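K.L.:
Take a look at the letters that make up each chain.
Protein chains: 4
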Amino acid sequence: MAKEKVCLAYSGGLDTSCILLWLIEKGYDVVCFMADVGQEEDFAAAKAKALKIGAVACYIEDIRREFIEELCFPAIQCNAIYENVYLLGTSLARPAIARAQIEVAQKEKCQYVSHGCTGKGNDQVRFELAFYALQPSIKVIAPWRLPEFYEKFAGRNDLLDYAAKSGVPVSSTKGKPWSMDENLAHCSYEAGILEDPDVTAPEDMWKLTVDPLKAPDKPEDFTLVFEKGLPVKLVTAEGKTITDAVELFLESNAIARRHGVGRIDIVENRFIGLKSRGCYETPGLTCLRSAHIDLEGLVLDREVRALRDQFVTFNYAKILYNGLYFSPEREFIEESIVASQKNVNGQVRCRVYKGLFSVLGRSSETEKLYDASESSMDEIGAFAPADTTGFISVQAIRLKKYGDAKLSKGERL
Amino acid sequence: MAKEKVCLAYSGGLDTSCILLWLIEKGYDVVCFMADVGQEEDFAAAKAKALKIGAVACYIEDIRREFIEELCFPAIQCNAIYENVYLLGTSLARPAIARAQIEVAQKEKCQYVSHGCTGKGNDQVRFELAFYALQPSIKVIAPWRLPEFYEKFAGRNDLLDYAAKSGVPVSSTKGKPWSMDENLAHCSYEAGILEDPDVTAPEDMWKLTVDPLKAPDKPEDFTLVFEKGLPVKLVTAEGKTITDAVELFLESNAIARRHGVGRIDIVENRFIGLKSRGCYETPGLTCLRSAHIDLEGLVLDREVRALRDQFVTFNYAKILYNGLYFSPEREFIEESIVASQKNVNGQVRCRVYKGLFSVLGRSSETEKLYDASESSMDEIGAFAPADTTGFISVQAIRLKKYGDAKLSKGERL
Amino acid sequence: MAKEKVCLAYSGGLDTSCILLWLIEKGYDVVCFMADVGQEEDFAAAKAKALKIGAVACYIEDIRREFIEELCFPAIQCNAIYENVYLLGTSLARPAIARAQIEVAQKEKCQYVSHGCTGKGNDQVRFELAFYALQPSIKVIAPWRLPEFYEKFAGRNDLLDYAAKSGVPVSSTKGKPWSMDENLAHCSYEAGILEDPDVTAPEDMWKLTVDPLKAPDKPEDFTLVFEKGLPVKLVTAEGKTITDAVELFLESNAIARRHGVGRIDIVENRFIGLKSRGCYETPGLTCLRSAHIDLEGLVLDREVRALRDQFVTFNYAKILYNGLYFSPEREFIEESIVASQKNVNGQVRCRVYKGLFSVLGRSSETEKLYDASESSMDEIGAFAPADTTGFISVQAIRLKKYGDAKLSKGERL
Amino acid sequence: MAKEKVCLAYSGGLDTSCILLWLIEKGYDVVCFMADVGQEEDFAAAKAKALKIGAVACYIEDIRREFIEELCFPAIQCNAIYENVYLLGTSLARPAIARAQIEVAQKEKCQYVSHGCTGKGNDQVRFELAFYALQPSIKVIAPWRLPEFYEKFAGRNDLLDYAAKSGVPVSSTKGKPWSMDENLAHCSYEAGILEDPDVTAPEDMWKLTVDPLKAPDKPEDFTLVFEKGLPVKLVTAEGKTITDAVELFLESNAIARRHGVGRIDIVENRFIGLKSRGCYETPGLTCLRSAHIDLEGLVLDREVRALRDQFVTFNYAKILYNGLYFSPEREFIEESIVASQKNVNGQVRCRVYKGLFSVLGRSSETEKLYDASESSMDEIGAFAPADTTGFISVQAIRLKKYGDAKLSKGERL
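Residue numbers (numbering that gives the first Met the number 0), protein chains in the order written: chain A, 0 to 412; chain B, 0 to 412; chain C, 0 to 412; chain D, 0 to 412.
A few of these clues could be false.
Where chains are identical, the list cannot tell them apart; a pair therefore holds if satisfied intra-copy or between any two copies.
Claimed, not checked - Within a straight-line C-alpha distance of at most 25 Å, the following computed DSS-like cross-link-like pairs (lysine-lysine) qualify:
no. : residue 1 : residue 2
1   : Lys399    : Lys151
2   : Lys217    : Lys206
3   : Lys317    : Lys341
4   : Lys213    : Lys138
5   : Lys2      : Lys405
These aren't lab readings, by the way, just hints derived from the structure by calculation.
Being a predicted model, the structure only gives us computed values, none of them experimental.
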């Protein structure tokens, strides 16, 4: 009988190398899968290692463009943010990775997919819900939730021993006292010494961005142009113009990284109900999102903005965070994002300096909701000031009744 | 017959001095009213000027404490923010000022209240809706909405001429090319040269905060302690401890001001439907609000936070911005704020540097929702990893049906 | 100089006949406009009367189809309801009427539009906001808000006298002691004796529906078929099949009317802040909406439904009620309605009896979210019961912490 | 060693009798618990049976009052409804039952609680989440989720055989082809022949209410009085006055039952993601809720109502349905319910007839938001009609810009 086949999300690190080995020992053919979402990684070395350990194949898929265009861009369009602070860098990458993995699994006719996520985190949920939606018949092997596995590998030393015994090459360097996840949008840091939420993140932890204290003393300006809420052009201080989505995103990152923009340190609520401390640096996305918010002030209707803020932004972020990207509700919400952005056209002049992003000005050639002379306090224009008296009087009908009721009940307002 | 009496919100400036004179000429007895909400002002000189012009009385009311405790503090508790960026500094002061003015009007048995707000702005609405709720029988004279007045005074020169002719002392200094509103919470800048939203605010405009580029090269740390979501203690880097609400707020301001924290530049949507460009600096409140958000991550339940964010925060800000503070809906919402904050107890270690506020760590002695060992990726603890398999499987029931339906309809996910 | 021209919304009744005359006396050329939205009306007689009084033209526009298809159908799709009870019959007709009136005004090159709405109601707002959005340059004459007009015509007798003196033919029959508005969707009753909210509506008031007490003793069944949330077929008890939108709506009305379905009696909150008592009968729309809700239970995803209910339904109703149909927010929301209805395909077997609408059963040939065997309590199926244990355990993580906190604080749950 | 002890939710039926026996065979001491929530039940016989089978004790707790006062009444106050139709009868009883069971478990020092809920339904979730919040250390035995149990008892015959072999007395009558759950608020019917959502519920299924077709030909009127949104008095047509909460609820039931009020037949979305068909009859609660909604029209502020509808009602229903009653979010939301109901004081005159509930009139002695003369179309009153012109003009500012933008882009409105 042919062996059953597993497509394993492989990173080249100790954990997934041991899982690869363990799956082979359990009798599976294992196809390794690596997604290039812009993380710093020696893909060739990792692939060689996978094959050396015994993978029947190892795929490296560059999904940076779809990660940017299909995930990060809608997030910018709706100003996605989780719990007031987190820009969802990890959550955004997961759907793109899961889809690419399922495509490899289907190509290789795997009955199973597997991953190295722990049993307490969000990522296991995000990956598996995506797997099940993308291919409802797929079966998932999550070793870190199998007692057979996690009881055998109770600590890092057990993994090291297992690797050593099996001839799996492991880097001798001691791991960092936290775990990281990197992609084009961000780098995250959690666990280890960060589990005490009152311990300040060590300065040498941050990987992508320069320490704001060591950032240049001179601010750097640039201009972002949006069409339908999407960033379509970046013009640097030197006048370089970039229009390709991936290159634009990379340039935003480069600018923000050298000025220390986008670091946060938070305690968040995981989907499974635990609280967790995480540090994140999200350089370019922080700038792109802030500039987009600014432009909306100029060109987006007040009521559309209010409905979008209360409904779309909130729920899109929650859906992404909880791993429900491939769901009817995300599909539904995303049509609302597009519907809200028709007129979000214009440009924002931006500045970064010592960790701070700020806006120098904004304009739009096509949208005319802002009208300087009409807003002007110095001109009457087409506006009859007496109208406002009526506006206020009508608003006051209800409030006068409220005031009267309070008075008659002797309650102070 | 006794003259009718007006209580005029007086500032000592050219506009309200002319209005004072005009009201007297119209045959009213005028009682001037000034609220001390922490703005930089020579109250004694203004009072002298009012009396010299002919006011029958001039009241100066220090309402700083109630402004902080009744308005700014609930705003901190619910992280109030308007259109993603504006901390509502002006909106927060208006209800306290209007109430104090009505109290003076009642004491002086005035049939009317008056103010110098223009006919296109938010403040006229905020003041008048408050007046009508506080005393439904009050009558309002809004000169800038009366053709009789605004046609007479079509420009600044008309006011200067009128003042000169009437012997009203006016400062000879030319006004700044923008208008300002200052209180303990913030200083706002709008109109004039700012009406072009693409013109960068001039550096010498900002009054409260130092330019981030000129801020100290050394960050400054401090600690904020919250009880039930309210700031109750500030400990400075030097170990000075402040617990009085007003002093704590002032100290937050002092720290943030010297590090350039809290400047924004936006285009916002006014209640009357016009878009308007405003620059705001909100030093202390920016820090207090950000620290509060951070602490909620540690101690507030996820679902309470989500409901509060989507419902309370959004609506409280909208209500305040639109001048509906004295309303049934604000009373209703404010009870929800209190209900949400029972467990928001703990402290946040904060840093400011070159315009940037950041969090160094947070802790709570009383609240235990965060549990480092339970969240730890390295410990199994009371948690059965297999449970998560069931959690995911049940979540997947609905998504598998979605995936199946998509497959059967030949649509790509 | 050519006379200025007004397009007047004309009904043939006393009020608008007097307004017509008054406008002519004021020196305008007046074009009368009547919209056929399905109300019972002698249009030919009204037109003759308008021309006799002196209108330069009188247009009668049949807009029943667009009223049904563009307004009533989206309302069915999103289950629109205002304040839990009102199906928005009047609100739905206004945008279609206003658009047709503006089209006539444009064709006739009128500088003005006019209407006979009172100064306290919703309809003046609905019409005028529509006018201004449809043609921002249009000017509105609202006689009932002009002191010159309403002081002259302080009571019905003044209008009768004016009409008599001017030879305007008026029906001698005494008006009903309430006012009515009828269209295909509903008939409304308000004002007059209904202003006491504790007075029961008299039985002879209701015009469209039979008194439930006098309705047939035998229920009547019919079947409604929906595609993408729109009613596309009605099959009567006798097997007659109707697919045309207008005919289907009329048949729904006929069935519901003879069984007394769709009467309500409420106190509602008008846009301008007054409370108002209204009685409404909405026969067919009540059935169509209820059947649509039922079908959504079978075929609509839970989360899409929840988001739609909380966001789309609520806001669509508010927007319509407040006369903001021609607005960016309605355009935005309506795209969400469409996005939510892709899978709302199937049929509902309905029953009406003595004022009661009920559902006998529902089915869908294309949608498979409901799965009898999977839901069955008697079959295990593909479902692992143990999974639910994990689902509950993970949900309980957060609640156990809550319980522990309550215990430690000595608070009872 | 002492035996471990289980507190079993016992009903006296076949399932829980077999579970009782099975638990005893597994070596547990079993304490049986029955909650009297108003269901029709021979409690004494059930208790005798439990003891005969071998329970070490059997508690029967009358929790009808707290079920009404603590659960049903807040549901009335916020007009709780799930998915537009379901009044949550089962969901409301579960928290009261779970709390009483935990109290018995604590009194009897049980380490475990157990129940007979199936593995696919909502009730297992509701009970267990309540158990875990009320006593985080409790352990749950859910036999229908244990393979050891459900594989042994794959069908009803297996249970009958097991009972017979063990001498457990079982009623020889064949069960009904659906399952039921009854309490003071409602009776539910699901499963069995109802699993086909297109099969009409058989007439003899409905237990509480008379068939509307067989209901009296004469309507019955009664009056409900509310204070702070709570029903405090019911006056029958004969003038009988009832003020006790339980008696008032029972009388509402009696009236509604004899007129066939409160039947629904729906497909709903269970918490675990399956769709499920259920029929419910909720006689008294339907009337109480509808009357409460009506009164709110008269006395509740528009904006408070809107916020409450969108936020409180929606979320309270979702929380209850999903079994999250003992949670921070329910505690939070419930404070909002109370805050919204301060002025919901007055009375509603109600009618029931052939399944239909309707309102005849309503009034309030204390609340004055409704003002007949002010709302009157026939009186000008304190209201200046010209104010509305200003109100409309200001609202139109934004819409004119929208219209202009549409025109300039050549898009039809």
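K.L.:
Against the structure, test the hints numbered earlier, and report the numbers of the ones violated in rising order.
P.N.:
1, 4, 5
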